[in-house]
Structures are given as structure tokens and as C-alpha cells.
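Position chain B against the provided structure of chain A, taking the given hints into account.
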Amino acid sequence: GAVVSQHPSWVICKSGTSVKIECRSLDFQATTMFWYRQFPKQSLMLMATSNEGSKATYEQGVEKDKFLINHASLTLSTLTVTSAHPEDSSFYICSASEGVEKLFFGSGTQLSVL
Amino acid sequence: QKEVEQNSGPLSVPEGAIASLNCTYSDRGSQSFFWYRQYSGKSPELIMFIYSNGDKEDGRFTAQLNKASQYVSLLIRDSQPSDSATYLCAPSNTDKLIFGTGTRLQVFP
Chain A
27 GAVVSQHPSW VICKSGTSVK IECRSLDFQA TTMFWYRQFP KQSLMLMATS
77 NEGSKATYEQ GVEKDKFLIN HASLTLSTLT VTSAHPEDSS FYICSASEGV
127 EKLFFGSGTQ LSVL
Chain B
22 QKEVEQNSGP LSVPEGAIAS LNCTYSDRGS QSFFWYRQYS GKSPELIMFI
72 YSNGDKEDGR FTAQLNKASQ YVSLLIRDSQ PSDSATYLCA PSNTDKLIFG
122 TGTRLQVFP
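Same order as they appear, the protein sequences are chains A and B.
For the first sequence, this note's numbering begins at 27 and goes up steadily by one.
For the second sequence, this note's numbering begins at 22 and goes up steadily by one.
Chain B extracted, bound-state conformation:
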């Protein structure tokens, strides 16, 4: 079983909608997570770090962590075409930082 699993997508949403991206993990010891965004041909950029159960909001982004169910999600409100990218999650509490395969998001006008 992979350490981190994400639906590769693409996830297509209309402009202005809420995009919901999910990530499940296998290690119950994982305490905190990163969400990154990666545009094609570019390196990842940090969107969010979350370590507590529940929600964390930053602008249009909300990360949700559920340790009991072992999933972490990212909601993007008012999605824009510029949000079209691949979104990667990774647990942050390991010596080696392993990313999921990423979910490709497409926001169409």
C-alpha cells in the first residue's frame, strides 16, 4: 500500500465553484501534512500546512484533517482558471518526505 494516495484526476470544475481534493494516508503516526500546488514544468509551491484535526483556512483555501479516518483534504473556494494545476499532499513528520501522485485540477471558464 502506498503511503499517500490521491486520485490522479483530472478533476474538472467550473470557475467559481468549490474544488475538493482528497488525500488518504496509511501511517497512523502521521501527525501533520503539507499541501502543495505544482504548475506544469514548475516546482511545487506551498499552500498549506495542517497539524490539528479539523479545518484550517487561508484565504480561498481550507485544509481539513481527520486523523481517525486518515484523510486530509483541500477545498478551494471560488475556483479560478489560474488554480488549474496539480495538487500534492505529503505527511510532514517523517524523515523522508513522500508525496502522493497528485490530483490534477482543471478549472474551466
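Only chain A is shown next, with the shape it has when bound in the complex:
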């Protein structure tokens, strides 16, 4: 099946720093990518929908200036958590769509902000 690569797998950073997470579709072109956040024992929460070449669409309650999403090509989307704080510590997961029937997830990034 299609592969979506996400890295880093985990990152520890100091409060106030910024962290960039990359999501790549390795063997298909993804016009749409989704970014999710998941807290322990909770479900996936959609943060934003990213379309190649256009601005991301953020879900209500998600700060677009804090969570910067760039989808510059059909195979790469990035999420930058700016000025991270301990409450941003979470599991971040991207997914990429290869047509309506196929949506594949990256392996996720565990972010810990100290």
C-alpha cells in the first residue's frame, strides 16, 4: 500500500521554541493532507486540512498562527508548532489522501514540551 512518511517520530523541546513536523507521501501525489492531534486515551482531533498550493483550513479552536501548515508540493506538508508550551505536548499525526477511497496515515510524532 501507499506509504506516508512522517518525521520526526518524537521530539522533546523547551518551552517557547518552535518545532517542525514533516509529512511526505512517498509513492503517490496527495492533493489533500490532514493534520490531527491526539491526547492520551482520546480520539483523533482534526486540526486542519491542507491542500497543495493553498492556505490550510483550520478547525474551530485551532490557532492558525500557532500551528503553521505549509503544503508546498503534492508530496510534502509541514506542521510547525510555534512557541510551543507544555499544553501542546501531544501525538501529532498526518494523513494523506490518494483519492476518495484511500487515506493513509503517517507514523505520528510524539511531541513533549518541557
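Treat each hint with caution, since some may be false.
Unchecked claim - Pairs of lysine-lysine residues, derived as DSSO-like cross-links and limited to a Cα-Cα distance of at most 27 Å, are as follows: (1) LYS63/B x LYS46/A; (2) LYS90/A x LYS117/B; (3) LYS128/A x LYS63/B; (4) LYS117/B x LYS88/B; (5) LYS46/A x LYS67/A; (6) LYS92/A x LYS67/A; (7) LYS40/A x LYS63/B.
Just so you know, these hints were derived from the structure itself, not from any lab.
Showing chain B alone in chain A's frame:
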């Protein structure tokens, strides 16, 4: 009302039994659905995509879609301890892919 609702469980079944997982949705316009499995600490993996009313089978998994009643279910035959995970459903025909809360399945030996 949430777009997608699932019983959070846990649903406990003995090894070898059939596990039945259900998902109801509110948008009558939803035409097709995903079922994903997520192990603790891992990202979801695709199990099934279904778009037609009725059943779709893939190995030990059978997805059932009933658009009139607005529910989609997943049956797992011959359940194994390795099937213990959280199962997520989501309608696939929206611009934003919203998942249900997931049902935690526990298969005990």
C-alpha cells in the same frame, strides 16, 4: 449531535468469537466510510473502505453499511488477541475527515 458516534467500550470478546463494532452517523449525505484500527501509541491503519449498502468482506473483516438507518458496522470473525485495539470509523466524502471516538476492543485468550 456529533457527526459520528461510536460506543467507546471496551468491548470484550473471547478469542475465536465474532466482534461487532458499530458506528452511527448524522449526515445523510455521507456515501462512504472508512474503518481504521489503531494500536496504543501508534497511528491508525486502514482496514476497510465501504461505499455500497450491504456487506463488504476482506478476510476476517466484514463491513456493513445501512444508509437508510445511518449506521456502519465492522464484524471481526475468529477474533484474536492481536485484534485488541481501538477501531475508528469516519465518513470519507467530506472535505474534512472527522473520526468517531473509537471503540476499544479487547480479545481475551
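Going through the hints against the structure:
Distance check on the hinted pair: LYS63/B and LYS46/A sit about 20 Å apart at the alpha-carbon level, within 27 Å; holds. Restraint check for LYS90/A and LYS117/B: the C-alpha separation of about 16 Å stays at or below 27 Å, so the hint holds. Distance restraint check for LYS128/A and LYS63/B: the Cα-Cα separation of roughly 19 Å lies within the 27 Å cut-off, and the hinted pair is therefore satisfied. Restraint check: the Cα-Cα separation between LYS117/B and LYS88/B comes to about 20 Å, which is no more than 27 Å; the hinted pair holds.
Taking the CA atoms of LYS46/A and LYS67/A, the gap is near 24 Å; set against the 27 Å cutoff, the hint holds. Of the supplied pair hints, the one linking LYS92/A and LYS67/A holds, its CA atoms being roughly 24 Å apart against a limit of 27 Å. Between LYS40/A and LYS63/B the CA atoms are separated by roughly 24 Å; this keeps the pair inside 27 Å, and the hint holds.
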